[in-house]
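Starting from the known structure of chain A, arrange chain B with the ligands on it as the hints suggest.
As given, the protein sequences belong to chains A and B, one line each in that order. Read in the UniProt record's numbering, the first sequence has 185 at position 185, and its numbers run on one by one without any break. Read in the UniProt record's numbering, the second sequence has 423 at position 423, and its numbers run on one by one without any break.
Please note that a few of the clues may not be correct.
As the list claims (entries may be wrong) - Result set (EDC-like, lysine to aspartate or glutamate): computed pairs, CA atoms no more than 16 Å apart in a straight line: (1) A:K83 - B:E498; (2) A:K83 - B:E505; (3) A:K197 - A:E218; (4) A:K197 - A:E160; (5) A:K83 - B:E497.
Stated by the list, open to error - Chain A residues, not near chain B, derived (Cβ > 10 Å throughout): (6) L12; (7) T66; (8) G107; (9) Q112; (10) G119; (11) E139; (12) E162; (13) G187; (14) Q200; (15) G211.
Simulated from the structure, these hints should not be mistaken for lab results. Values in this document were obtained by computation on a predicted structure and should not be read as measured data. Yeah, the Cβ is synthetic: ideal placement off N, Cα and C, and Gly gets one too.
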Amino acid sequence: MSVVTLTVNDELVSAQEGQSLLSLLEELGIQIPTLCHLEGLSERGGCRLCLVEVEGSNRLLASCVTPVQEGMVVRTHSDRLLKYRRMILELLFAERNHVCAVCVMNGHCELQDQAVNLGMDHVRYPYLNPDLPVDASHERFVLDHNRCILCTRCVRVCDEIEGAHVWDVMGRGVNSRIIADLNQPWGTSQSCTSCGKCVQVCPTGALTTRGVTVAEMEKQHDFLRWILDGRNKKQWHYPAGEQ
Amino acid sequence: MNRADLENMAQREQERQQGFRCRLLCCASTPCLSSGGTAVADALQDEIARRELNAEVQVVSTGCMGPCSRGPVVTVQRQGEPDLLYENVTPDAARRIVQQHVQGGEPVQEHLLPLDIPFFTKQHKVVLSNSGLIDPERLEDYVARGGYSALAFALREMTPEEVCAEIIRSGLRGRGGAGYPTGLKWDLVRKAPGARKFVVANGDEGDPGAYMDRTLMESDPHRVLEGMAIAGYAVGAEQGYIYVRGEYPIAAKRLERAIRAAERRGLLGSRILDSNFNFRIDVRIGAGAFVCGEETALMASIMGRRGQPVPRPPYPAQRGLWGMPTLINNVETLGNVAPIITHGADWFAGIGTEKSKGTKIFALAGKVATTGLIEVPMGITLREIVFDIGGGIPDGGTFKAAQTGGPSGGCIPAQFLDTPVDYESLRALGSIMGSGGLIVMDDRSCMVDVAKFFMEFCMDESCGKCVPCRVGTVEMYELLRRITDGSATPADLATLEELCVMVQETSLCGLGQSAPNPVLSTLRYFRDEYEAHIRERRCPAGVCSLDQVPVLEWPDRLHAQALAGNGSISGEVN
Ligand SMILES: Cc1cc2nc3c(=O)[nH]c(=O)nc-3n(C[C@H](O)[C@H](O)[C@H](O)COP(=O)(O)O)c2cc1C
Ligand code: SF4
Ligand code: SF4
Ligand code: SF4
Ligand code: SF4
Ligand code: FES
Ligand code: FES
Chain A
1 MSVVTLTVND ELVSAQEGQS LLSLLEELGI QIPTLCHLEG LSERGGCRLC LVEVEGSNRL
61 LASCVTPVQE GMVVRTHSDR LLKYRRMILE LLFAERNHVC AVCVMNGHCE LQDQAVNLGM
121 DHVRYPYLNP DLPVDASHER FVLDHNRCIL CTRCVRVCDE IEGAHVWDVM GRGVNSRIIA
181 DLNQPWGTSQ SCTSCGKCVQ VCPTGALTTR GVTVAEMEKQ HDFLRWILDG RNKKQWHYPA
241 GEQ
Chain B
1 MNRADLENMA QREQERQQGF RCRLLCCAST PCLSSGGTAV ADALQDEIAR RELNAEVQVV
61 STGCMGPCSR GPVVTVQRQG EPDLLYENVT PDAARRIVQQ HVQGGEPVQE HLLPLDIPFF
121 TKQHKVVLSN SGLIDPERLE DYVARGGYSA LAFALREMTP EEVCAEIIRS GLRGRGGAGY
181 PTGLKWDLVR KAPGARKFVV ANGDEGDPGA YMDRTLMESD PHRVLEGMAI AGYAVGAEQG
241 YIYVRGEYPI AAKRLERAIR AAERRGLLGS RILDSNFNFR IDVRIGAGAF VCGEETALMA
301 SIMGRRGQPV PRPPYPAQRG LWGMPTLINN VETLGNVAPI ITHGADWFAG IGTEKSKGTK
361 IFALAGKVAT TGLIEVPMGI TLREIVFDIG GGIPDGGTFK AAQTGGPSGG CIPAQFLDTP
421 VDYESLRALG SIMGSGGLIV MDDRSCMVDV AKFFMEFCMD ESCGKCVPCR VGTVEMYELL
481 RRITDGSATP ADLATLEELC VMVQETSLCG LGQSAPNPVL STLRYFRDEY EAHIRERRCP
541 AGVCSLDQVP VLEWPDRLHA QALAGNGSIS GEVN
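Isolated chain A, as found in the complex (with noise of 0.2 Å):
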């Protein structure tokens, strides 16, 4: 594969062609805020957190859904940059009903990462209150809509991964809403396995564990790569403690 070299905060760097923008910045130790990309999953270049400014473009790009390119001017932290992350965040918190205080995600919640790591301490928006349901209707886990920032993991680990498809998204704008199977109670649905994978790859409290209580629920992404690694390399490696 041949190597590409571009400049990236006025160093010169070479990446591999056809990489992504977001896994070079990775690679370079850049950190790039991300709330939609997973490692393992397909990229959805949603949320506009990992936007970077390209020069000669007129428009913003999204890193995880950007290639490389040979001559490449990026930058990924200017003032605007910083600003637009911030009211991105300001405008996912107004539009859901993010009460962290009572949150089973609490302290180890993504988007409150992000929040934190960004700055964003007030919301200047409207809040928009939507009145939205729980569905506790599956026996092992509960899906929380007042929490969703519509990242959509759980649709494609639930599709890509596990294979079930169970989930989807129905609506439009900001009426759209995580569903499972034809809009029915997560717990009615046939196609489910019960696996869980949606539960640890949602980055906020809106799938969870039933029973955990504020602030309890913790999350393992790294389950992704074991069964990456295990099914296209072939290799077991488990965390010390396990097995």
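Okay, now just chain B with the ligands, sitting in the frame of chain A:
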């Protein structure tokens, strides 16, 4: 069928039409049908049958003739006389037309719409040249006016490269909104490697109030099919899809029929016109989401998936339907193809301006005397469109602004009435040509209210995939709503402006990227109206009721300052 058969067919049909002493063309396009066109056509038929004129008088249901607000309209063609056009025809008037005009030779004066008024004389019909003159449900009518001869010519006399070169030379640009050079796009698809290729005609037309594409599909479906077939030949595709919006059942039905008729005669399908070229076309019906007009969402929809955009590149020309190179063109763009092949690129390039060639169809709406569908040469001024073609502002109002480009566009104020209408000039004014909606507003329109209307549309139509558009449009709408109901503070205006720029720059697809345009363009020219709402709690146009009280959401420090009455508050909130 081969080329000679095609010419025979044209000649036979022309002779048949000349066999009638008189032809009555009734508009059967959606606006005229909804104002009673069917009853008019029936009345004409009955009266002709009653007077036993069937052998010498023919009644033809045609597509749109243009002045839709004056419908139902009927054209009378008497042999040896110039055509006459009737407006606001009622069944009663229809019977009188048969009795007095068709039989007696005396036009019915009170319903006549003169054909020498600027509404007609300032137009230049290229794409709509058959519209209103042929029966869209009869292939013979289209062929009699030269239909499919461009396809026959291209297949016999031109290589695919030459067809692409001709389209490039004509200067035709996409009529779906962005104005990308059509020939270049064709050439990209032609050169793209791929086992199979596809042609897609975009007839989704989600812009509120616009109906150019519907009219073309309803009035002259073969024109679009012929354009698609030529495109298919030029890029090397054997399959085409025409994506028709679900709300357009008449267009879909006529296209289906047209495809079947053309296939029966060997004008579509296998070995077209006895050549080696095969091309099938299928109709796909959209479910009525604005975003499905966006090309990547449209392709997802054709493939049976959820109609959501994906980031480009790769562009459809590289990876489109089922991963194959795909050409996507707007229906009106394709409507220009046959005339370009027939009359040549130079003829086409002779119409319009330096960078915007040809004509553009607009759905002229709002506060003008005559609304309807017009086709004008590019470069015509806005003033000519509004005051000459549209007949000016009715009821003694004054012109305030023209909105072009629908939810992706903007408003052009009176001081730019003499700007030529072309892609670059409109863009320089902060609006766009768009797909062709043109709404005229008078001094009784509130520009904040207009911006709010379009924002509501975008909010409802956002697909929800990306955060800036999904939530940003709702927040922008909420801020506009506050301004129009009197509850906004100066800080809200600053928040609104900042959000507009952010949503524009960070959204994934064109919907979000252009959703703020109506706000930004009205802010650019009518900022004083926004300020009047917020600071004086007054709607200059008298549209908004402003009955709410501002919600004071200022930080305590500013609140205290405000109560103490010192300092400019608006300057500090941000
Ligand atoms: C939200 C959105 C809606 C669109 N709707 C339409 C449409 O209804 N019809 C259309 O032809 N193009 C529409 N477009 C533009 C198409 O994506 C595409 O650019 C066009 O069909 C290309 O054809 P052209 O080059 O002939 O203009 C839309 C674009 C966006 C972003
Ligand atoms: S999901 Fe995260 S951000 Fe939302 S309430 Fe829970 S902890 Fe807070
Ligand atoms: S538990 Fe497994 S099968 Fe059930 S929805 Fe989640 S990922 Fe799909
Ligand atoms: S439930 Fe969780 S993983 Fe699924 S879309 Fe919502 S936030 Fe994302
Ligand atoms: S900009 Fe709007 S319509 Fe386009 S992908 Fe994002 S949410 Fe969907
Ligand atoms: S991580 Fe790239 S858009 Fe979400
Ligand atoms: S629909 Fe009849 S004139 Fe336009």
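Hints, verified against the model:
Between the alpha carbons of K83 of chain A and E498 of chain B the distance comes to roughly 10 Å, so the proposed pair stays at or under 16 Å and holds. The suggested pairing of K83 of chain A with E505 of chain B holds, with an alpha-carbon distance near 12 Å, which does not exceed 16 Å. Only pairs whose Cα atoms come within 16 Å are accepted, and K197 of chain A paired with E218 of chain A is accepted, the gap being roughly 13 Å. Between K197 of chain A and E160 of chain A, the direct Cα distance comes to roughly 11 Å. Compliance with the 16 Å bound is thereby established for this hinted pair.
Proposed proximity of K83 of chain A and E497 of chain B is supported: the alpha carbons are some 14 Å apart, at most 16 Å. A cut-off of 10 Å between C-beta atoms confirms that L12 of chain A is not in contact with chain B; the least separation is 24 Å. With a minimum CB-CB distance of about 8 Å to chain B, T66 of chain A fails to clear the 10 Å threshold, and the non-interface call is violated. Every Cβ of chain B is farther than 10 Å from the Cβ of G107 of chain A; the closest lies at roughly 23 Å, confirming the non-interface assignment.
With a closest Cβ-Cβ approach of about 16 Å to chain B, Q112 of chain A is found to remain outside the 10 Å limit, as its non-interface label requires. Every CB of chain B lies more than 10 Å from the CB of G119 of chain A, the least distance being 16 Å, so the non-interface label holds. Once the 10 Å rule is applied to beta carbons, E139 of chain A is consistent with being away from chain B; the minimum gap is 29 Å. Even its closest Cβ contact with chain B, about 20 Å, leaves E162 of chain A beyond 10 Å, as expected for a residue assigned away from the interface.
Distance to chain B confirms G187 of chain A as a non-interface residue, since its nearest Cβ pair spans about 25 Å, more than 10 Å. Annotated as non-interface, Q200 of chain A keeps its C-beta farther than 10 Å from every C-beta of chain B; the closest such distance is 23 Å. With a closest Cβ-Cβ approach of about 31 Å to chain B, G211 of chain A is found to remain outside the 10 Å limit, as its non-interface label requires.
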